[in-house]
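Peer 1: Starting from the structure of chain A, add chain B where the hints point.
Letter by letter, the chains look like this.
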Amino acid sequence: MRPGFAPPPEDLGAVASVLHEPTAPTIPLHKLAPEAALRRLELTVVRRLEGFLHGDHQGLLPGPGTEANDARIYVPGQDDVRKIDWAVTARTMTPHVRDTIADRELEIWALLDVTPSMNWGTEGVTKRDLGIAAIATIGFLSQKMGDRFGGLIMRPDEIRRYPAQSGRTALYGLLRRMLTEPIVSDHTTGPYSLAAGIQRMARTERRRGMRLVVSDFLTPGDFELDPNVEPEWERPMRQLAVRNQVLAIEVVDSHEVQFADVGDLLIRDPETDFERYVNTSDEAARERMDAATAAQRERIRIALRRAGAAHIQLRTDRDWVHDIARFVLAYRRTASMLHQPPAGVSK
Amino acid sequence: MTWPPSFLDPERLWVLLVVPVLIAGYVYLVLRKKKTGMRFTNTAILSRVVPRQSQWRRHLAVGLSLAALVALSLAWARPNGIEMVPRERATVVMVIDTSQSMAATDVAPTRLDAAKQAALTFVKALPEQYNVAVVSLSGNPALILPPTTDRAQAQQAINSLRLADSTAVGESIYVALSALQLAPKGTDSTPAPGAIVLLSDGQNTAGRSPTQAAAAAKKAGVPVYTIAYGTENGYVDLDGERNRVPPDKALLTNIAQSSGGSAFSAENLDQLNKVYNNIRSEVGQTPTKKETTALWAGYGLAFAVVAALAAVSLGARWP
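Taken in sequence, the protein lines are chains A and B.
Numbering of the first sequence is given in my numbering, commencing with residue 1 and proceeding in unit increments.
Numbering of the second sequence is given in my numbering, commencing with residue 348 and proceeding in unit increments.
Misleading hints may appear alongside valid ones.
Derived lysine to aspartate or glutamate pairs resembling EDC-like cross-links, with alpha carbons at most 20 angstroms apart [claimed, not checked]: (1) Lys31(A) <-> Asp261(A); (2) Lys347(A) <-> Asp70(A); (3) Lys144(A) <-> Asp157(A); (4) Lys532(B) <-> Asp497(B); (5) Lys380(B) <-> Asp186(A); (6) Lys380(B) <-> Asp56(A); (7) Lys31(A) <-> Asp317(A); (8) Lys347(A) <-> Glu50(A); (9) Lys380(B) <-> Glu21(A); (10) Lys637(B) <-> Glu435(B); (11) Lys380(B) <-> Asp261(A); (12) Lys471(B) <-> Asp497(B); (13) Lys380(B) <-> Asp264(A); (14) Lys380(B) <-> Glu275(A); (15) Lys144(A) <-> Asp56(A); (16) Lys596(B) <-> Asp460(B); (17) Lys31(A) <-> Asp11(A); (18) Lys347(A) <-> Glu21(A).
Covered stretches of chain A, as calculated for chain B (at least 3 residues, CB under 8 angstroms) [what the hints assert, rightly or not]: (19) 10–19; (20) 166–175; (21) 279–290.
Think of the hints as simulated: they come from the structure by calculation, not from any bench.
Backbone N, C-alpha and C define an ideal beta-carbon position, used for all residues, glycine too.
Just chain A, same shape as in the assembly (with noise of 0.2 angstroms):
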């Protein structure tokens, strides 16, 4: 892609983001998603949850609710005479009732990486802005009753909890947070990389529920391309998928899949001491290049497969809208066998 003649405008947006880090959020909090258009539409949850609350989703334990679970015998004085399962009590000469299992609200919490490599952008919105809107989302498609939704901003020098509150003003409250946090300057250091992060949020937030782990998956320093070699969040990542149906949403850039061809010029990481001057036309570098990607996205994707995670990748050049949509279509069928909890766990 060459650059036209024309001059550039003043406002670069997001492109900015290539030459210093950005300033304020690329998205206002509006845009984030289209809320009434998502009401339509219902994220399956397959695991189930447990909670104090009546809610829309299938509970771990026994309580009032509407899917029939095992009978038992019907103790006097503290069942109801109403739930008597007739028919068990005619075969077994014994008076059973049908136990229900609970309806619980779900709770979600989002892991969001604002590490400054999630400070970039070339089409329109940043990555950590695109990570923004796909929790908003992801949110809006889980506004059902009483169900809670908590944030953790995951900075390298520290974690912002937002505890979890249901309704959509407290949602909005949290995008707003989310939008408002301050941006991580560039060669921030700290003890937290992702695989901190979500151990983070496994340890601390225990009840089950759904996970959102948003990131751009990429760990400074790392080169590996074999998908046989865990990366360093992997094993976090299988931890949490233990109890917790986990969603990875992996944001990337266009130009992070296709490297661009922009001549000569230095090239720096925004977390890293990397800097070097690299001759981005070449074009057999930029082959090999796009080639490593495609291998380093694919060991991605493996290894997210492998904790047990749903995968969705949205690019900041698509509409997530539309990508998030077709996932959640797609995943009514197979979020069943995607969330197998592993063997001696209950589902």
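Peer 2: Then chain B, alone, in the frame of chain A:
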């Protein structure tokens, strides 16, 4: 070549002040470019895939351009260098007697004028490439003209000879031998080939013995050709007293023979070409001050060409 060279237009060297300014500008641009590089996220893969691009060609191109600029600035200031110019070493030393006895008029118009005339004729006939030195023979022999091929200077030096007291024939041969040392230097330390033409009326009155001097000349391989002037009854009037000054032809013949030369008389001067016919020609080198602008401009050109090649190799996409 000496360093630093002298310059004909040293004020033009001020243009060299541009060089540090350019260097500072380059460094500034390099640092600024470091700040304005492109951010890119997936550099771990990039560093694996894209070979490290060496920076030395870029710096080399800039460095050589600056070197070319320096060399051309120096050339513009017109530097002087010392250059070795090939010159003929062979030298004929004319030793002309200027003692009072040479004022005798037994040879028309006087002995001295006749000797001068003969010397001028000889110098004129001498092939161009030979050096001529002139030594005056008196009680205090002196080198009038160091070896040179400039005939006009030689003639002027001969014409300027004036009478002086006393006669030191031997001493004058030593002076002539030392004059030969001044001939253009050769590649080795061998003495320059030469000959001494001694125009005199003999009669050594002062200084070292002529026989000894003739032996020294023989040892140095320098033949002495003598020309005797005067007749037996020649005289000069000095301080109102008439002195007989017969020429000492025997002495002169003796000098000539013992040094390997030959003796002439004023009558058979036409044989004098024997003098220079017997001198072998040898080329020496003389350091000469010369403008070396072309040399510096050549350096500048070479630097510029290499810089251009480096720049081309940076930017070109080879097929």
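Peer 1: Lys347(A) and Glu21(A) were given as a pair; does the straight-line alpha-carbon distance stay at or below 20 angstroms?
Peer 2: 43 angstroms, violated
Peer 1: Compare the distance between the alpha carbons of Lys532(B) and Asp497(B) with 20 angstroms, and conclude whether the hinted pair is satisfied.
Peer 2: Within the cut-off at roughly 18 angstroms; holds.
Peer 1: So if I understand the rule, the pair passes when the alpha-carbon distance is 20 angstroms or less; does Lys380(B) with Glu275(A) pass?
Peer 2: Within the cut-off at roughly 11 angstroms; holds.
Peer 1: Decide if the proposed pair is consistent with the structure: Lys144(A) and Asp157(A), CA atoms, cutoff 20 angstroms inclusive.
Peer 2: 34 angstroms, violated
Peer 1: Lys380(B) and Glu21(A): Cα distance at most 20 angstroms?
Peer 2: Measuring from Cα to Cα gives roughly 16 angstroms; hence the hint holds.
Peer 1: Could you grab the alpha-carbon distance between Lys380(B) and Asp186(A) and see if it respects the 20 angstroms cut-off?
Peer 2: Distance ~17 angstroms between Lys380(B) and Asp186(A) Cα, so the pair holds.
Peer 1: Please verify whether Lys31(A) and Asp11(A) have alpha carbons no more than 20 angstroms apart.
Peer 2: 19 angstroms, holds
Peer 1: For the pair supplied as a hint, Lys380(B) and Asp264(A), is the alpha-carbon distance within the 20 angstroms limit?
Peer 2: Holds: Lys380(B) and Asp264(A) sit about 12 angstroms apart, inside 20 angstroms.
Peer 1: With the threshold set at 20 angstroms, check whether the alpha-carbon distance from Lys144(A) to Asp56(A) stays at or below it.
Peer 2: The hint holds at about 7 angstroms.
Peer 1: Going straight from one Cα to the other, do Lys31(A) and Asp261(A) come out at no more than 20 angstroms?
Peer 2: 31 angstroms, violated
Peer 1: Can you confirm whether the C-alpha distance between Lys471(B) and Asp497(B) stays at or below 20 angstroms?
Peer 2: 11 angstroms, holds
Peer 1: Do three or more residues from the region 166–175 of chain A put their C-beta atoms closer than 8 angstroms to C-beta atoms of chain B?
Peer 2: Violated - the region 166–175 of chain A has 0 residues with a Cβ nearer than 8 angstroms to chain B, which falls short of three.
When held up to the earlier numbered hints, the structure conflicts with 1, 3, 6, 18 and 20 and fits the remainder.
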